[in-house]
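Turn these sequences into a full structure, and let the hints steer you where they fit.
If you count by mature numbering (1 follows the signal peptide of the UniProt record, and there is no 0), then the sequence shown holds residues -19 to -1, 1 to 250, one letter each, in order.
Calculated directly from the structure, the hints in this document are not laboratory data.
Remember, it's a predicted structure, so these values are computed and weren't measured experimentally.
Incorrect hints may have been included.
Straight-line C-alpha distance at most 20 Å; calculated SDA-like pairs for lysine to any residue [said to hold, decoys possible]:
1) K229 / T160
2) K229 / P165
3) K145 / P22
4) K229 / S249
5) K220 / D168
6) K133 / L144
7) K133 / G158
8) K220 / G169
9) K229 / G169
10) K229 / D164
11) K145 / P70
12) K133 / V65
13) K145 / V65
14) K229 / R195
15) K145 / G155
16) K220 / P194
17) K220 / W197
18) K133 / E94
19) K86 / R240
20) K229 / A151
21) K133 / R60
22) K86 / E47
23) K229 / G158
24) K86 / G101
25) K86 / D141
26) K220 / D164
27) K86 / S53
28) K229 / L156
29) K145 / R31
30) K86 / H117
31) K229 / P208
32) K220 / R171
33) K145 / L67
34) K229 / R171
35) K86 / K133
36) K229 / R43
37) K86 / G158
38) K220 / R240
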Amino acid sequence: MKIFLAALLSLALLAPATAGTYGLTPGEVVRAEVLPGWVTPRGTRMAALRLTLAPGWKTYWRAPGETGIPPSFDWTGSRNLARVTLHWPSPRVFDEGGVRTIGYKHELVLPIEITPATPGAPVELVANVDLGVCEHICVPASLSFTAALAGKGAPDPAIDAALKARPISAREAGLSGVTCVVDPISDGVRVTARIPSERIGGRTVAVIEPGNPRVWASETETRREGPALLASADLVPPKGQVMALSRKTLRVTLMGEGRAIDIQGCPSP
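What follows is the structure, encoded as structure tokens:
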């Protein structure tokens, strides 16, 4: 049985959380720091949130698995902020005690690309982040930070490495011909992706995401059928709502040996 505790960590730009001895209190299980980053040639700001975890602890990817705690981000209160794009590095798949979760151990550097409403003007970033950190117990942690982002900044090797660790696109992987069949179920739909597997070797785990945070997605079941890899997941809307599914926003991520592959959109056969 998992034990859930509450945590509140207050962070400030260029003032990382005080390093302390790892222990059982939430503030010692995870340490957090904002990396201010730099202004990109297209005028966005590439910053990052770095989480350092106690030995044996992990935190979760954007699609954490059925028993994981999905991270959520609230940017309300920020100034001169038009858009925020999170660039998730390729995660790891954990199979522990018959339970599969997806995330990161030891450290997560999550690049945060900020598009200002007024290009060239400073950005005041205000964020509240809810996420889970787990070992034998799970700790829901609430991170709050503000960041005054001004000037050109400077390149950061940690952010650059995290960007390079992102999943590659289907085109970069030389993967084409991916299709999806959508079948109705009692409370939503079941999506089955057929993926040509010539370029996919070894054990592969697939994750199907609906592209709508209000739609629940089951754990994706993956199996091989002849020359193809089949991945199936049930997608269920909130109770009482009609299931609206856009094939353009469907997202299939393949994780196995080496780098992950990110497949955006899934047309019909």
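Checked hints:
1. Restraint check for K229 and T160: the C-alpha separation of about 12 Å stays at or below 20 Å, so the hint holds.
2. For the hint pairing K229 with P165, the CA-to-CA distance comes to about 18 Å; that is within 20 Å, so the pair holds.
3. Between K145 and P22, the direct Cα distance comes to roughly 17 Å. Compliance with the 20 Å bound is thereby established for this hinted pair.
4. Taken as a hint, the K229 and S249 pair is honoured in the structure, with Cα atoms around 11 Å apart against an allowance of 20 Å.
5. Proposed proximity of K220 and D168 is supported: the alpha carbons are some 8 Å apart, at most 20 Å.
6. In summary, the hint linking K133 to L144 is supported, as the alpha carbons are separated by about 19 Å, within the 20 Å threshold.
7. The straight-line distance between the Cα atoms of K133 and G158 is roughly 42 Å, outside the 20 Å bound, and the hint therefore fails.
8. For the hint pairing K220 with G169, the CA-to-CA distance comes to about 10 Å; that is within 20 Å, so the pair holds.
9. A hinted pair counts as satisfied when its Cα atoms are at most 20 Å apart, and K229 with G169 qualifies at roughly 18 Å.
10. Restraint check for K229 and D164: satisfied, since their Cα atoms lie roughly 17 Å apart, inside the 20 Å limit.
11. With a C-alpha separation of about 8 Å, the suggested pair K145 and P70 falls inside the 20 Å cut-off, and the hint holds.
12. In summary, the hint linking K133 to V65 is supported, as the alpha carbons are separated by about 18 Å, within the 20 Å threshold.
13. Between K145 and V65, the direct Cα distance comes to roughly 19 Å. Compliance with the 20 Å bound is thereby established for this hinted pair.
14. Of the supplied pair hints, the one linking K229 and R195 holds, its CA atoms being roughly 17 Å apart against a limit of 20 Å.
15. For the hint pairing K145 with G155, the CA-to-CA distance comes to about 18 Å; that is within 20 Å, so the pair holds.
16. About 14 Å separates the Cα atoms of K220 and P194, which keeps this hinted pair within 20 Å; it holds.
17. The straight-line distance between the Cα atoms of K220 and W197 is roughly 11 Å, inside the 20 Å bound, and the hint therefore holds.
18. The hinted pair formed by K133 and E94 meets the criterion: a straight-line CA distance of about 14 Å does not exceed 20 Å.
19. At most 20 Å may separate the alpha-carbon atoms for a hinted pair to count; K86 and R240 meet this at roughly 16 Å.
20. Note on K229 and A151: the hinted pairing holds, with a Cα-Cα distance of about 14 Å set against a maximum of 20 Å.
21. Of the supplied pair hints, the one linking K133 and R60 holds, its CA atoms being roughly 18 Å apart against a limit of 20 Å.
22. Distance check on the hinted pair: K86 and E47 sit about 18 Å apart at the alpha-carbon level, within 20 Å; holds.
23. Among the hinted pairs, K229 with G158 is consistent with the structure: their alpha-carbon atoms are about 15 Å apart, no more than 20 Å.
24. For the suggested pair K86 and G101, the alpha carbons sit about 36 Å apart, so the restraint of at most 20 Å is broken.
25. For a cut-off of 20 Å, the pair hint linking K86 to D141 stands: about 19 Å separates their Cα positions.
26. Annotation: proposed proximity of K220 to D164 holds, straight-line Cα distance about 19 Å (limit 20 Å).
27. The straight-line distance between the Cα atoms of K86 and S53 is roughly 19 Å, inside the 20 Å bound, and the hint therefore holds.
28. A threshold of 20 Å between alpha carbons decides the hint, and for K229 with L156 the separation of about 17 Å falls inside it, so the pair holds.
29. Distance hint between K145 and R31 is fulfilled; the C-alpha atoms sit about 16 Å from each other, no more than 20 Å.
30. Taken as a hint, the K86 and H117 pair is honoured in the structure, with Cα atoms around 14 Å apart against an allowance of 20 Å.
31. About 25 Å separates the Cα atoms of K229 and P208, which puts this hinted pair outside 20 Å; it is violated.
32. With a CA separation close to 16 Å, the supplied pair K220 and R171 stays within the 20 Å bound.
33. This hinted pair checks out: K145 and L67 have alpha carbons roughly 14 Å apart, not beyond 20 Å.
34. Distance check on the hinted pair: K229 and R171 sit about 16 Å apart at the alpha-carbon level, within 20 Å; holds.
35. In summary, the hint linking K86 to K133 is not supported, as the alpha carbons are separated by about 31 Å, beyond the 20 Å threshold.
36. Distance restraint check for K229 and R43: the Cα-Cα separation of roughly 19 Å lies within the 20 Å cut-off, and the hinted pair is therefore satisfied.
37. Taking the CA atoms of K86 and G158, the gap is about 34 Å. The hint is violated against a cut of 20 Å.
38. This hinted pair does not check out: K220 and R240 have alpha carbons roughly 37 Å apart, beyond 20 Å.
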